[in-house]
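A.B. asks: These are the residues of each chain, in order.
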Amino acid sequence: MIELYILLVVMFGAGIVSVAIKDLLASAIAMGVVGFSLAIIFILVGAPDLAIVQIVVEILTVVIFTAVLLRSTHIDETLESPPAVFPTVTFILFAILFMVFFVSALREFPVFGNPVMKVGNEYIKRAIAEVRAANVVAAVILDYRGYDTLGEATVLFTSVIGVLTILRRIGKR
Amino acid sequence: MKGMTLIVKVITRLIAGYVFLFGVYIVLHGHLTPGGGFAGGVIIAASFILLILAFGSEELRERLGYTYSSIFESIGGLLFLFTALFGLFLGYWFFFNFLPKGKPLALLSSGIIPVCNIAIGIKVGAGLFAIFLALAATKYIMKE
Chain X
1 MIELYILLVV
11 MFGAGIVSVA
21 IKDLLASAIA
31 MGVVGFSLAI
41 IFILVGAPDL
51 AIVQIVVEIL
61 TVVIFTAVLL
71 RSTHIDETLE
81 SPPAVFPTVT
91 FILFAILFMV
101 FFVSALREFP
111 VFGNPVMKVG
121 NEYIKRAIAE
131 VRAANVVAAV
141 ILDYRGYDTL
151 GEATVLFTSV
161 IGVLTILRRI
171 GKR
Chain G
1 MKGMTLIVKV
11 ITRLIAGYVF
21 LFGVYIVLHG
31 HLTPGGGFAG
41 GVIIAASFIL
51 LILAFGSEEL
61 RERLGYTYSS
71 IFESIGGLLF
81 LFTALFGLFL
91 GYWFFFNFLP
101 KGKPLALLSS
111 GIIPVCNIAI
121 GIKVGAGLFA
131 IFLALAATKY
141 IMKE
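Which chain is which? The protein sequence lines are X and G, in order.
Taking the numbering used here, the leading residue of the first sequence gets 1, the next gets one more, and so forth.
Taking the numbering used here, the leading residue of the second sequence gets 1, the next gets one more, and so forth.
Be a bit skeptical, because a hint or two may be false.
[As the list claims (entries may be wrong)] Listed below are the simulated SDA-like cross-link pairs for lysine to any residue, each with C-alpha atoms no more than 25 Å apart in a straight line:
#1 X/Lys-118 - G/Pro-34
#2 G/Lys-9 - G/Glu-58
#3 X/Lys-125 - G/Leu-107
#4 G/Lys-9 - X/Phe-65
Since the hints were made in silico from the structure, they are not lab data.
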């Protein structure tokens, strides 16, 4: 349990570094530290499916960010200017408001490490007999909850179409 | 995008095939071991991205990449959709598991789940490769 908290502290530190540092390349690497720590946390709490996806996606994200940043000057020049008053005050107010609701919502959660498993127990009991997939996660996302996966695939398709439409090479001259 | 040095090129030539093969393994064994269509597809895309990063890309290769990745992305999406729709044609419901289920822990088991995994793997691999090409590899010339 203690290693989870160490990783959480590392993630907080890396997140703050990635927002506040001036060199954007170092910022991308700090973002990678956050993602890989999250992958290690997934492994520690017993979610290898999510850990694989998180590691692979994080590698791709860091590679894409680095490849984009290496073509520019990769220095963030907006950090020098002093922050404006009105956005800062509004941000602090809404952050306090959000934290109040967030803490009251957290009270309703089950204790960390003790899941309720009302729905999950049914899937674990019935998945092998009904779907006969040894990986229960695959049985849930592609058989019981196939609609969700179809929606996710549609979202990815739409985002690819959007990127290719905005960034096409031959545009209107 | 320019290529990298000779060392990187030689190592990439050795490794890229195995990365691709590992992605295919993750996709095909999605219903038996951790992983599945999405993770395997991202690994497949990563093998192509490794090739582009090491060997560089010129205009012809990018145009080929765009063409093939859009074709494969559409094929994957349509395969997934028609697998789900085929249950309706047989008289059951959307996402009906119409294939024979087989024994647990066998490679050919659990009905349509391997088919859906392959479809998602093709779709995610092609889509992420296209996003990488558009965001990082292509050189844009600004015209006023």
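A.B. asks: Does each hint hold? Answer for all of them.
C.D. replies: Each hint tested on the structure:
no.	hint	result
1	X/Lys-118 - G/Pro-34	23 Å, holds
2	G/Lys-9 - G/Glu-58	16 Å, holds
3	X/Lys-125 - G/Leu-107	21 Å, holds
4	G/Lys-9 - X/Phe-65	22 Å, holds
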